[in-house]
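Colleague: Sequences listed follow chains A and B, in order. Just so you know, my numbering puts 174 at position 174 of the first sequence, and the rest follows in order with no gaps. Just so you know, my numbering puts 330 at position 330 of the second sequence, and the rest follows in order with no gaps.
It is worth saying that the hints were derived from the structure and are not from the lab. Each hint should be verified, as a subset may be incorrect.
As the list claims (entries may be wrong) - Listing some non-contacts, in silico: residues in chain B with all C-beta distances to chain A over 12 Å:
1) F49
2) F175
3) N206
4) K262
5) L293
6) D340
7) L366
8) L468
As the list claims (entries may be wrong) - If you want a taste of the chain A side facing chain B, the calculated C-beta under 8 Å gives, among others:
9) E21
10) K37
11) F41
12) L137
13) D140
14) S144
The C-beta atom is built at its ideal place from N, Cα and C for all residues, glycine as well.
Listed below are the residues making up each chain.
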Amino acid sequence: MKLIKFTPLLLLIFSVITCIEDTIQLEDVSPEMNVTKELAFPAINISLKFDDIAGHGYDSLIFRSGDTIFLYLLEDIRLEDTIELGGIGENMEFVFLNLHYKITNYFPVGLDLKLYLYDDATGQNIDTIWFSDPNELFIDPAPSDVNGLAIDDQVVTDSSYIALSQNVLDNLFNETTQLVLFIEVPSTGGFVKVLNTSRLNIHFGIDVQWRNVSDDN
Amino acid sequence: MNQKKTSLILLILIMATLGVTAQSNTMYYLTGAPQSYRLNPATQPQCRFFLGLPVVNSFYMETYNTSFGITDMLWNDPETGQVIYPFHSDAALDEFLGMLDDENTLSLDLAISPISMGLGIKEMYFTFDITFKIDQGLYYPSDFFPVFIPRIPDGSTFDFSSLGFQVTSYVEYAFGVSRKFMDDMLQVGIRPKLITGIGTISSTDNNITLDASTDIYELNSQMELQICAPGFILPLDEEGDFDLSEGFIFDSTLSSVSDYRKLFMTNKGLGVDIGVHVKPIEGLTLSASLIDLGYIKWKEYVHTLTLEGSVEFNGIDIQTDSDTSDFAENLLDSITNSFDFHTTSGEPFKTSLEPKLFIGGSYALLPKLDVGLLSRFDFTKSGTKANVMIHANWHPSSAFNLTANYSPFGGRASTFGLGFAVRGGPISFYTVADYRAFRYNLYKYESIPVFLAPSNRHRFNIQIGFNLVFGCNMKKRLMKDKPMYFSDDN
Chain A
1 MKLIKFTPLL LLIFSVITCI EDTIQLEDVS PEMNVTKELA FPAINISLKF DDIAGHGYDS
61 LIFRSGDTIF LYLLEDIRLE DTIELGGIGE NMEFVFLNLH YKITNYFPVG LDLKLYLYDD
121 ATGQNIDTIW FSDPNELFID PAPSDVNGLA IDDQVVTDSS YIALSQNVLD NLFNETTQLV
181 LFIEVPSTGG FVKVLNTSRL NIHFGIDVQW RNVSDDN
Chain B
1 MNQKKTSLIL LILIMATLGV TAQSNTMYYL TGAPQSYRLN PATQPQCRFF LGLPVVNSFY
61 METYNTSFGI TDMLWNDPET GQVIYPFHSD AALDEFLGML DDENTLSLDL AISPISMGLG
121 IKEMYFTFDI TFKIDQGLYY PSDFFPVFIP RIPDGSTFDF SSLGFQVTSY VEYAFGVSRK
181 FMDDMLQVGI RPKLITGIGT ISSTDNNITL DASTDIYELN SQMELQICAP GFILPLDEEG
241 DFDLSEGFIF DSTLSSVSDY RKLFMTNKGL GVDIGVHVKP IEGLTLSASL IDLGYIKWKE
301 YVHTLTLEGS VEFNGIDIQT DSDTSDFAEN LLDSITNSFD FHTTSGEPFK TSLEPKLFIG
361 GSYALLPKLD VGLLSRFDFT KSGTKANVMI HANWHPSSAF NLTANYSPFG GRASTFGLGF
421 AVRGGPISFY TVADYRAFRY NLYKYESIPV FLAPSNRHRF NIQIGFNLVF GCNMKKRLMK
481 DKPMYFSDDN
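Given the sequences, and given the hints that come with them, work out the whole structure.
Modeller: Following this line, the structure appears as structure tokens:
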């Protein structure tokens, strides 16, 4: 009689026991978290005056209004700067990295840009990130009038992106200790006048996909 | 040790099968549980008198996540034998993200009854309950996870407008009366309620979006919070806006017992449950009930906060003549200063209960076995949710009652409910659970069972109750009515 009374309860417990599909040991949870991540973000904005690139060692005239004009460039101007890479990219495996840029150039002179990937250990540049094809300028000069002054109304913003190859990414994040920024303003064919109020506006954004790689992988 | 483990496993298994809820579907036909009238006030408990044991007469808990469950978060990888989760490289993250709805809810509701009692007098049955309830909900959009993984491709737009939360706590005083008519062919009941609000905080009007690209991040946010925290004052700054740094301040003007009593009764509300059972032919019972129709009006210590702000970030500005090393600090300051809390005080507001409609039919297939259908409609803030169940109720004696139901239309999420009520002498115990799954995963830590999670289910509820009951023997009662003669023919 007692057995009959407890039959439904026993059946209930039995049915639940038999319904266990899987047993999971919580101490076996894998620490790995290598899901692919993707992040697009605006990185930097730079607004440069001519002095910022060329320094102050150039002849200039001052208008009555106060604007300074630089009359011409007879020689190339070159600027180099280094950026420490720090630990960026450690334990990360990059699927792609696109460097987006948006550039508005109010100078009647062009500009070229390269990034050298430098390795302290070997003391050599191990790769170069080109922003334009060889023999072409990354940033074209602004249209100028017959007096050599930039025509601001005709200045257009150039935007595009550079997709870094897998090889460059490997070099950048595995071998490189410093980035060497190389900016060159090539000599102009004739007179151009650069107003001190003119600007070169550069915006960089990054679109990157990566996986974290743990040490035990 | 093995014995302990076995006991623990059994305890967990039993607990996992327990359950009833304050609004449990399974409870509807569990006539052996005195509190079954809470789902249909026309229902009369089997015993002529019951007194719920304080606090444990009816304990109810329900928790659910509308989109995924524990088994979707931790499982065995058959290839590696490791336990993995959606963010593991071997897991199908997109599959997990695909499980999310545009709007998702994570909820935890609790109800405890300090007092529950009932008395039957002839055709009438009177009940009285005091129930303390806490309803908590977190609402999150499907866009929530990608931002934190992160999965933010160029040109992404995220809409967090469904992000929100609510916590409401109140006490319900319910007086129920049920009456039988026409030789039990018709049974009607009503259960009016007086509600006193203890406190509430909820987000009511959100409009939060994030546009993300390589050009710019643009966060626009507007969120309105309605708060009623009796006894607490909101600290305001010189402009009359909420001062986040201060937190809530206890109202020091409250000192006497009468102050607190007044405070407790300040935010009142009304509610009602109504129900009916009809027996048009022998063996068939049709039932309907509408419960939790009501509201709470929050009048005192009421505040409305509006959080407004807009942040744009288009990259670190490199100035050739300035230092950018404190960029992170400046950015944080900029974001903080971009958001303002505006405070509006004193405007009363109402929060409504979430009504539920039950319509069911039950047929006595055998003398001690009823089967039928029960449909349930929940009228929630996010819309009406319907559920249909097939149920069976086995009542071999007045001392034992077992009920089960099955929801066949949930597809992957099909579930069954189980409940039983048992009586030994004057002590009655019942337990009910809806949303039982057909498959479970057992989670262990160092071989010790920790919890049991249903496969592919995102909902769990349980209700248990202990009551003292008297006057449950139907034959004895009938004999008392007719002392000279009793026949089953009657």
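Colleague: Would you mind marking each hint as holding or not holding in the structure?
Modeller: The hints, checked one at a time:
1. F49: holds, 25 Å
2. F175: Holds: least Cβ distance 35 Å, greater than 12 Å.
3. N206: holds, 25 Å
4. K262: Correct as stated: the minimum Cβ-Cβ distance to chain A is 49 Å, above 12 Å.
5. L293: Non-interface label stands for L293/B: nearest chain A Cβ at 35 Å, farther than 12 Å.
6. D340: holds, 25 Å
7. L366: holds, 16 Å
8. L468: L468/B is indeed farther than 12 Å from all Cβ atoms of chain A, at 21 Å.
9. E21: holds, 4 Å
10. K37: holds, 6 Å
11. F41: holds, 7 Å
12. L137: Interface hint status for L137/A: violated (22 Å vs cutoff 8 Å).
13. D140: Violated - the Cβ of D140/A stays beyond 8 Å from chain B, reaching only about 21 Å at its closest.
14. S144: violated, 24 Å
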